[in-house]
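Asker: Read off the chains here:
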Amino acid sequence: MKKWFFFSSLILLISCNKDKASYLPTPTAVSIPSHFPQMLIPSDNPMTEEGIELGRFLFYEKRLSADNTMSCATCHSPQNSFSDNNQFSVGIDGIQGNRQSMALINLGWEDFFFWDGRATSLEKQILEPVPNPIEMHQSWKVTAQKLNADMVYRNRFFQAFGATIIDSTQVAKAIAQFIRTMVSGESKFDVMYKYENGLSLNTVEQQIFTTIEVDEWAGYDLFKSLNGADCFHCHNGPLMRVKKFSNNGLDVTLTDLGRGAVTGNSNDNGKFKVPTLRNIALTAPYMHDGRFATLDEVIEFYSTGIHASPTIDPLIEYASQGGVQLDAQEKMLLKKFLLTLTDLNFVNNPKFKDPN
Amino acid sequence: MKNYYFLFSLLILLALVSCKKDKPTPVETSQSYVEITVQPTYNSSNLFLDSVYITTEGYKIKFTDLKFFGTTLKNGQNSLAQVGFFDFALSGNYFLKAEQDVNLFSDLQFILGVDSLINHNDPSTFSNDSPLNISNAGTMHWGWNPGYIFISVEGKADTLQDGIENYDHNFSFHVGTDDFLQTKSFSAINWVKTASNTHTFALQLDLFDVICNGLDPIDLRTEFLAHSSSLQTALTLKFGKNFKSALTPY
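The listed protein sequences correspond, in order, to chains E and V.
At position 149 of the first sequence the residue is numbered 149 (my numbering), and the sequence of numbers has no breaks.
At position 29 of the second sequence the residue is numbered 29 (my numbering), and the sequence of numbers has no breaks.
These are computed hints drawn from the structure, not numbers from a lab.
Check before you lean on any hint, since a few could be wrong.
[What the hints assert, rightly or not] Cβ-Cβ distance ranges computed for the label pairs, FRET-style: (1) Val-52/V <-> Pro-27/E: 26 to 32 angstroms; (2) Ala-98/V <-> Ile-165/E: 19 to 25 angstroms; (3) Gly-76/V <-> Leu-40/E: 33 to 39 angstroms; (4) Asn-85/E <-> Thr-125/V: 36 to 42 angstroms; (5) Glu-57/V <-> Ala-29/E: 40 to 46 angstroms; (6) Gln-329/E <-> Ser-45/V: 49 to 55 angstroms; (7) Asn-46/V <-> Ile-165/E: 49 to 55 angstroms; (8) Asn-85/E <-> Asn-166/V: 56 to 62 angstroms; (9) Glu-213/E <-> Gly-76/V: 51 to 57 angstroms; (10) Gln-79/E <-> Leu-90/V: 36 to 42 angstroms; (11) Ser-225/E <-> Asn-128/V: 47 to 53 angstroms; (12) Pro-355/E <-> Ser-32/V: 40 to 46 angstroms; (13) Pro-46/E <-> Thr-125/V: 21 to 27 angstroms; (14) Ser-230/V <-> Pro-46/E: 48 to 54 angstroms.
[To be verified] With a Cα cut of at most 20 angstroms, we get these calculated SDA-like pairs of lysine to any residue: (15) Lys-244/E <-> Asn-213/V; (16) Lys-244/V <-> Thr-198/V; (17) Lys-244/E <-> Ser-124/V; (18) Lys-243/E <-> Thr-125/V.
[Stated by the list, open to error] In silico contact screen, one side only, chain V against chain E (beta carbon under 10 angstroms); selected entries: (19) His-120; (20) Pro-123; (21) Asn-133; (22) Ile-134; (23) Ser-135; (24) Gly-138; (25) Met-140; (26) Gly-143; (27) Lys-156; (28) Asp-168; (29) His-169; (30) His-174; (31) Asp-178.
Here the structure is a predicted model, which means the values were calculated and not measured.
By construction, the Cβ of each residue, glycine as well, lies at the ideal position given by its N, Cα and C atoms.
Just chain E, same shape as in the assembly:
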């Protein structure tokens, strides 16, 4: 009886203890440039070192595709500032999409994802490409089976989420954590932005400041000028974009309804998410359908190629004239400014590279 009593007591005491398994993820914070707003991290996916590292492995993991040939990085390549230099990305079955891959830059501040904004969180966005038949074309069930068969991944998922069975939610959370660390804020433009806003420059930034050319400043003025290039209405602030969907006058007849196909509101037809201009020199081709191969073509479009349509953004103020009518000198200056948005520290950051 005594033995039974002590044995029972021991079990009771143990049963009140917490699990002792070693799921102890290390909380961490995203490094945010001083002139950026705070990044809101979803409460159900806090940033951890283990989650970020797992996300990095998964971002480059080709087993997420049915034939093990394609990873996220295939269409979001580091050398293209995590975009695709093809007009349309090609999936594992050789099928092209109809929109250009968006660059993955500073997505931690976004509320809408994809050109039409159909995903309202990074986690939801990440769930789409894997089962998409024209992209990676693999069900999440099979994807989970592949990952569950890998002891290294099982260990990493346990360390990141305490999960013993891997599922799509955890994959999406891990990749989202990794992508939230992909912050670009060390371009020449950042120094210009801080200077004009009266923010203090550190030693490195002061050195960069001395290298800013007169033409680059002139291009920036033109970029912000109401009677110049007038770009700032949609490409503004440290993130170099505003949160909106806009019809920027690409077409008279709309073949891709964009946001309108998501909302069902005809007033949204032809509107697409305003993208950041950061690293714009590295993310060609341009527009939602990648129709422009070079920055010169883009500048020419806004200068003389605008088409009016029922949903054109009222902020395209010179639409009736076909655009802002820049002369050759102005186009050159504007391009010089756009090149200041290149952040090579971001592109070459070893923390964003393939860990394999």
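For chain E, the structure is supplied; the task is to place chain V on it using the hints.
Answerer: Relative to the frame of chain E, chain V by itself:
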């Protein structure tokens, strides 16, 4: 033996009790809130974005965006809130809600725009929930000023009257820069109790009075662009003045 059974039962009881989580004790809330709403109208009828309205000149017009800031909202020494923000497309009639005693605000004064004391601050430093934070302000912050757009009204106008809806003009009125700040006051406010702990002051913004103002109308055929630059001072002033007078108790 009986002692063992008693001790054993006691141990089980203690273990079960100790494993229970504490239940939160309900707390009586005594917070009271005031909120301000804005109903856009056109000639006194409720206005909808992207719907067609007619000006006194016969132009068909559509409004596509309607936003404005109010800051330093107070009644004398009593501060109601630092900032209110109206974004019709995104937030409907909402302008602001604050935890305040309604009895302190029989009158109300505020700056129509962003107080010059904070207009030029680094827009990333406002709290995440502030409409002035660059993440939330978005199109309402100018890099060139730098500072905020106080009032933004955008839309399209068909001024040709040829029977074809072609909306030949976009219009865009952006009032900003410190020179165009205005103050707005309301007296003897009729706060309406709209919830057990909330009182609401409803405002009306009649866009007909802004565009087709009886004293100083805006002809959208020729006056469709104002960005507060030095070349657009007259139209910016007119638009701002009309906007201010069109904002009235509902």
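Asker: Can you list which hints this structure breaks, lowest number first?
Answerer: 1, 2, 5, 8, 11, 12, 15, 16, 31
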